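Novice: Take a look at the letters that make up each chain.
2 protein chains.
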Amino acid sequence: MPATEEPPMKKMRGDLPTDDASLALLDKVYDVQKELDEVHNKAAEEIVQVEIKFNKLRTPMYEKRAKAIAQIPDFWVTTMLNHPIIAESLAEHDTEILTNLTSIDVVENEDIKSGFSMEFKFKKNPYFKNESITKKVTMNEEGDNILSEISHSIRTVRRTKDMKEICAPEADEGFVSWLQSEVDPEMDDIGNLIKDDLFPTPMEYYNAQIDSDEEDEEECE
Amino acid sequence: MPATEEPPMKKMRGDLPTDDASLALLDKVYDVQKELDEVHNKAAEEIVQVEIKFNKLRTPMYEKRAKAIAQIPDFWVTTMLNHPIIAESLAEHDTEILTNLTSIDVVENEDIKSGFSMEFKFKKNPYFKNESITKKVTMNEEGDNILSEISHSIRTVRRTKDMKEICAPEADEGFVSWLQSEVDPEMDDIGNLIKDDLFPTPMEYYNAQIDSDEEDEEECE
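Chains A and B, in that order, are what the protein sequence lines are.
Residues 1 to 221 in full-length UniProt numbering are what the first sequence spells out, letter by letter.
Residues 1 to 221 in full-length UniProt numbering are what the second sequence spells out, letter by letter.
It cannot be assumed that every hint is accurate.
If several chains are the same, the list does not tell them apart, and a pair holds so long as it fits within one copy or across any two.
[To be verified] Only pairs whose alpha carbons sit at most 30 angstroms apart, straight line, appear in this in silico DSBU-like list of lysine-lysine:
no.: 1; residue 1: K121; residue 2: K28
no.: 2; residue 1: K113; residue 2: K53
no.: 3; residue 1: K136; residue 2: K64
no.: 4; residue 1: K42; residue 2: K113
no.: 5; residue 1: K34; residue 2: K136
no.: 6; residue 1: K123; residue 2: K34
no.: 7; residue 1: K136; residue 2: K53
In case anyone wonders, no lab produced these hints; they're calculated from the structure.
In this text, all values refer to a predicted model and were calculated from it rather than measured experimentally.
Next comes chain A alone, as it looks inside the complex (with noise of 0.2 angstroms):
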């Protein structure tokens, strides 16, 4: 790593204290931050176990799920369309792109350690050939998430220029940009919330607008 060539800040390696008094308390500190460490890690490694146990028990229920949703009409364009963040993130283009979807899958590793994949499916349609597409996250070296692979770039069906520029890999707005592009998986606001909102919790998103529209009813009564 070259040296920064931010402006220096005021506190930096001189600064550390170097006096014995100073030396056995960071001692000290060390000791007890490795014990906190054990701590931490042991608590983590809990965490995974649990999550595991109950992943045993959502993967048939979602697979249930899927079933059912598959043949409900625009079941997940309707889902992204009602969250408050992932609509904003849609292109116009989207909308129309997203009936097509038929099913959206996040499986998590075994371990759930070592990564996950989602897998979104499309039913045939006018835009573009692939049935199914996969982005798939593995955990590096240093326990960081990263993209390690997208099953392939979208065909396109219509060979029309724009319906090629909406879907170059290197499209930079919406979904359909978004599924194949290369996001770091610990900024990718977009999968996050699929991962971990909307794909565990689709209803609340389904029915948002029945619900505000019901609440909106009795306020005024």
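Given chain A, work out where chain B should sit, using these hints.
Specialist: Chain B only, in chain A's frame:
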């Protein structure tokens, strides 16, 4: 809630299916989702129990660590200046003022679900009189964290115009400003980084400068 003024989206309530087949499928999704929600809740509850168990182990360690850290000059300001994101959020005046910060303490409520508090202690200093400032975050009925209390505003010692501006509750930049500001805890990047990153593992930042220098040396040999 008033009707939205935003441009209407393509999919709205009117687009939800009303035919018998779709409604039967939706009922099925509802039923499975209810089972799933129960699993989600049970998993969340078990994770809370894990955290409660480990917090009991952590508390005496944090107290022991705090006693040593309070005697090491510039400990917390050094961790902050070495933290890549927190450092960026510091204003010019913060570095000097933060040399007086002797203790950070994050205390989760016993049940961890009802909230937590963050206490910042200062030694006698020429800037302000407060010995400590506490930000208390409480979980509201909707299950969101809300900032429920800041112990009190900073009472300046130096009554210069500059100090008044820096310590004014409406100041909009840096740590001292953050300390007194009512930021939504869900969006509070500084608060969340202190709570979940700097406080549990400060040594990763205290020594960041040394570590990266050592790496440089190894690479150069």
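Novice: Taking the hints in turn, state whether each one holds.
Specialist: Checked hints:
Within a single copy, K121 and K28 get their C-alpha atoms only as close as 55 angstroms, which misses the 30 angstroms cut-off; across copies the closest is 20 angstroms, which meets it. When the C-alpha separation of K113 and K53 is checked against a cutoff of 30 angstroms, the pair qualifies both within a copy, at 13 angstroms, and between copies, at 22 angstroms. Taking identical chains as interchangeable, the C-alpha atoms of K136 and K64 lie at most 30 angstroms apart only when both belong to the same chain, with a minimum of 23 angstroms there against 43 angstroms between chains. In the homo-oligomer, the alpha carbons of K42 and K113 lie at most 30 angstroms apart both inside one protomer (14 angstroms) and across protomers (20 angstroms), since each shortest distance falls under that limit.
Proximity of K34 and K136 under a CA criterion of 30 angstroms is satisfied inter-copy only: 28 angstroms between copies versus 34 angstroms inside one chain copy. For a Cα distance limit of 30 angstroms, the shortest separation of K123 from K34 across copies, 27 angstroms, qualifies, whereas the shortest one inside one copy, 53 angstroms, does not. For a Cα distance limit of 30 angstroms, the shortest separation of K136 from K53 inside one copy, 22 angstroms, qualifies, whereas the shortest one across copies, 34 angstroms, does not.
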